[in-house]
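Start from chain P and add chain V according to the hints.
One letter stands for each residue in the lines below.
Protein chains: 2
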Amino acid sequence: MLSKNIIVFVGCLFSQICLAQTDQTSDLKTFRSAESNQPGKLFPQVNNEGKVRASLYAPNASKVQLDLGGKKYEMTKNEAGLWTGESDPQDEGFHYYQLNVDGASIPDPNSRYFYGAGRLGSGIEVPADDEAFYALQKVPHGMVSENIYYSDLTKSWRRCFIYTPASYYENNKSRFPVLYLQHGSFEDETGWVNQGKANLILDNLIAQNKAKPMIIVTDNGYAFKPGDKEATQKGQGVSIFEDVLIKEVIPMIDKRFRTLADREHRAIAGLSMGANQTMRIVMRNLDKFAYYGGFSGTSNYPNTDVIDPNVFMDGKFKNGNEVNNKLKLFWLGLGTKEPAPFPKSVGAFKAMLDQQGISYTYYESPKTAHEWLTWRRSLQNFASLLFR
Amino acid sequence: MLSKNIIVFVGCLFSQICLAQTDQTSDLKTFRSAESNQPGKLFPQVNNEGKVRASLYAPNASKVQLDLGGKKYEMTKNEAGLWTGESDPQDEGFHYYQLNVDGASIPDPNSRYFYGAGRLGSGIEVPADDEAFYALQKVPHGMVSENIYYSDLTKSWRRCFIYTPASYYENNKSRFPVLYLQHGSFEDETGWVNQGKANLILDNLIAQNKAKPMIIVTDNGYAFKPGDKEATQKGQGVSIFEDVLIKEVIPMIDKRFRTLADREHRAIAGLSMGANQTMRIVMRNLDKFAYYGGFSGTSNYPNTDVIDPNVFMDGKFKNGNEVNNKLKLFWLGLGTKEPAPFPKSVGAFKAMLDQQGISYTYYESPKTAHEWLTWRRSLQNFASLLFR
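Chains P and V, in that order, are what the protein sequence lines are.
All you need for our numbering is the position in the first sequence, starting with 1, plus 348.
All you need for our numbering is the position in the second sequence, starting with 1, plus 348.
In isolation and in its complexed conformation, chain P is listed as follows (with noise of 0.2 Å):
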């Protein structure tokens, strides 16, 4: 009798938000569920103008905020102490956001979370009219693997993740090409398969016969000499990310999977803060890599002053033949909407490529920001080209 008296104590606590949600929700209809919200958690909902609509059960509070996208939208409590509020139109894709209660910053409960920012955060999938290329669908899946691992350039425990394609498991013997993805600023070596969904890109490209099968390997950009950490939170440290990367990420790789070990057979690209480090470390190991790609970021940032080749990068663009030669592919994206000085600065680059004859392929992601859906498509574009 007591467990039953529980069950029907938690039905009416239940019904009583639900019926209190459902007066606020009377458009459920245009409203639908995220994408990125945790199983079987009904808010935050996103309509077909891309209004975001958040939820927070907190009686006593009184004041209660959804901060997304730069901004912070009012709440508004109804009697069961269920505060409901709703965004401006956001840009397709995914945005990190949070809620603020009564002055504290903290993850909406009903979200995933996602590291970015310097901190796991709950994050909402806007849908986008071309989000079949990134939808999780019928075609063979890879795997994703985490891969830990100790540093000896670091003394420290790293991590990096390795998709590998389904017809890696068809046999025990093929060899495929690799590779390597880097995050952004404060983002993490999880960013491009939790907000990248990489892993799901290229099972459907490869399923489609669009890109040749490979294995994407994302580690953490963030790596300082033992002791230097702090030195380099403020911005006086070096990332010595490009020797962990050559001298111990790459070998681990080659040895532990089935991995085509040569520069024809090696990529590497980044977003934003990567596209600037992979671009250096791409320049300077041009006999490792073969491929390089810039998503939204390249190494002049944040300057956006006409380039000299020959001071620039130590003058790694000032022979534009030998760069067209050993890069079989130089790869640049950018969004229509991001912000300065994204656009003039890339643009800077470009020209600079321009002047050297050097050859690239640029590409645009309609109406979208400094944000993952532009490095979602960046990436499927990116990869469809790669190991031709």
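A couple of the hints might just be wrong.
Identical copies go unnamed one by one, so any copy, or any two together, can satisfy a pair.
Cut-off 25 Å, straight-line C-alpha distance, at most; resulting in silico cross-link-like pairs (SDA-like, lysine to any residue) [claimed, not checked]:
hint, residue 1, residue 2
1, Lys-698, Asn-729
2, Lys-692, Ala-717
3, Lys-676, Leu-634
4, Lys-685, Glu-383
5, Lys-389, Leu-484
6, Lys-399, Glu-383
7, Lys-685, Ala-717
8, Lys-411, Glu-427
9, Lys-692, Tyr-649
10, Lys-420, Lys-685
11, Lys-503, Pro-475
12, Lys-399, Leu-675
13, Lys-603, Glu-397
14, Lys-503, Leu-484
15, Lys-503, Glu-383
16, Lys-389, Gly-469
17, Lys-521, Arg-606
18, Lys-685, Gly-451
19, Lys-389, Arg-506
20, Lys-692, Pro-574
21, Lys-603, Pro-525
22, Lys-521, Thr-684
23, Lys-486, Ile-594
24, Lys-698, Asp-436
25, Lys-685, Tyr-421
It is worth saying that the hints were derived from the structure and are not from the lab.
Please read these numbers as outputs of a predicted model, since none were measured by experiment.
Same frame as chain P, now just chain V:
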């Protein structure tokens, strides 16, 4: 100059908060940041007695609580708007917790998140005397791979994680035995790695030659016929996890991984609900498994009455000799501080085994309740006995 000003401004903000924190943490020497925190987060902290101290910046909140171990601890606010609160001493090991802010139950923005109690929430790691066995040590590490699959039985996307030991990657030929390992109620397929540290436990055991190298597969124990999910949540449905495991997961694992695909090299275990589930599965599929582990649970749960082997589980334990001949290991474990009905329920089950002359191994985890340290220790003990 602008960026310099910003740095100075941010510096002031942080030192204000830091100073405020220092006021309340004069005993920082005994309180240390928890291992379960997000990178770089100072709070929550744990001291030598297992007291947990949490912190939240919520300047306008009127009531903030630390909600841990079934008890709510009032937190207090300092002048800077920072709330701090401290719990009673906790058991060693991992505990779920949350913060309550003016009536809202929220994840602590500083902790990592773990799926338990039906949602992603905060967790706190209280150091244990024997923590070395699940610590990240300088030993060869295996990998944990996420595998997404479509189930034709549930007509839904599902996911499992596969631990492969370090030696799996030493060549492309060796084959390995497999342990299928299940989570508890309101947890999911992520639990055994995120909370249970199953990968680190096996890495450590294997490095010390205390366990045979093995593959571990963790799937989701909730599986329903299409359209039946709602019925099951009301307690009316029937889980078809056994079908999914036997007909879909095991064949998939045997295809994708280099397994030893016979009963002599296949074990199954689970915790709490998972112990109950996997006991039913093993006894109905003795042609598929030769080893069973029940961590804090048996299939008579929640019953504590004397068990009649002639009727219990359709007489599966009626013939003790047959069970002894078929199962190379029948393993049961329990924490010494487990609440009712676990001790009596497992006790009744053991008494039945004794009566039937069925051999089993029984392990007790000292000073732990129905929580993850009990199950980490259970896995350590159980895994060391497998495939011998």
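Comparing the hints with the structure gives:
Only within a single protomer do Lys-698 and Asn-729 lie at most 25 Å apart by alpha-carbon distance; the minimum there is 18 Å, versus 61 Å between protomers. For a Cα distance limit of 25 Å, the shortest separation of Lys-692 from Ala-717 inside one copy, 14 Å, qualifies, whereas the shortest one across copies, 60 Å, does not. Taking the shortest alpha-carbon separations for Lys-676 and Leu-634, only the intra-copy value of 11 Å comes in at or below 25 Å, while the best inter-copy value is 56 Å. Taking the shortest alpha-carbon separations for Lys-685 and Glu-383, only the intra-copy value of 24 Å comes in at or below 25 Å, while the best inter-copy value is 40 Å.
Taking identical chains as interchangeable, the C-alpha atoms of Lys-389 and Leu-484 lie at most 25 Å apart only when both belong to the same chain, with a minimum of 19 Å there against 34 Å between chains. In this assembly of identical chains, the alpha carbons of Lys-399 and Glu-383 lie at most 25 Å apart only when taken from the same copy (14 Å versus 38 Å across copies). Proximity of Lys-685 to Ala-717 under the C-alpha cut-off of 25 Å is restricted to the intra-copy arrangement: shortest distance 4 Å within a copy versus 54 Å between copies. Taking CA atoms no more than 25 Å apart as the test, Lys-411 paired with Glu-427 passes in both settings, with 15 Å inside one copy and 20 Å between copies.
For a Cα distance limit of 25 Å, the shortest separation of Lys-692 from Tyr-649 inside one copy, 9 Å, qualifies, whereas the shortest one across copies, 67 Å, does not. Taking the shortest alpha-carbon separations for Lys-420 and Lys-685, only the intra-copy value of 21 Å comes in at or below 25 Å, while the best inter-copy value is 47 Å. Proximity of Lys-503 and Pro-475 under a CA criterion of 25 Å is satisfied inter-copy only: 23 Å between copies versus 42 Å inside one chain copy. For the identical chains of this complex, Lys-399 and Leu-675 are neighbours neither inside a copy (43 Å) nor across copies (57 Å), given an alpha-carbon limit of 25 Å.
Taking identical chains as interchangeable, the C-alpha atoms of Lys-603 and Glu-397 are never at most 25 Å apart, the minima being 49 Å within one chain and 44 Å between chains. For the identical chains of this complex, Lys-503 and Leu-484 are inter-copy neighbours only, at 14 Å across copies versus 38 Å inside a copy, given an alpha-carbon limit of 25 Å. In this assembly of identical chains, the alpha carbons of Lys-503 and Glu-383 lie at most 25 Å apart only when taken from different copies (18 Å versus 39 Å within one copy). Proximity of Lys-389 to Gly-469 under the C-alpha cut-off of 25 Å is found in both arrangements, the shortest distances being 16 Å within a copy and 14 Å between copies.
When the C-alpha separation of Lys-521 and Arg-606 is checked against a cutoff of 25 Å, the pair qualifies both within a copy, at 7 Å, and between copies, at 13 Å. When the C-alpha separation of Lys-685 and Gly-451 is checked against a cutoff of 25 Å, the pair qualifies neither within a copy, at 31 Å, nor between copies, at 40 Å. Only between protomers do Lys-389 and Arg-506 lie at most 25 Å apart by alpha-carbon distance; the minimum there is 17 Å, versus 33 Å within a single protomer. In this assembly of identical chains, Lys-692 and Pro-574 lie within 25 Å of each other by CA distance neither inside one copy nor across copies; the values are 36 Å within and 53 Å between.
In the homo-oligomer, the alpha carbons of Lys-603 and Pro-525 lie at most 25 Å apart both inside one protomer (13 Å) and across protomers (23 Å), since each shortest distance falls under that limit. For the identical chains of this complex, Lys-521 and Thr-684 are neighbours neither inside a copy (43 Å) nor across copies (50 Å), given an alpha-carbon limit of 25 Å. With identical chains, the CA atoms of Lys-486 and Ile-594 are at most 25 Å apart between copies only, with a shortest distance of 22 Å across copies and 36 Å within one. For the identical chains of this complex, Lys-698 and Asp-436 are neighbours neither inside a copy (34 Å) nor across copies (61 Å), given an alpha-carbon limit of 25 Å.
When the C-alpha separation of Lys-685 and Tyr-421 is checked against a cutoff of 25 Å, the pair qualifies only within one copy, where the shortest distance is 22 Å, while the shortest distance between copies is 47 Å.
When each numbered hint is compared with the structure, violations occur for hints 12, 13, 18, 20, 22 and 24.
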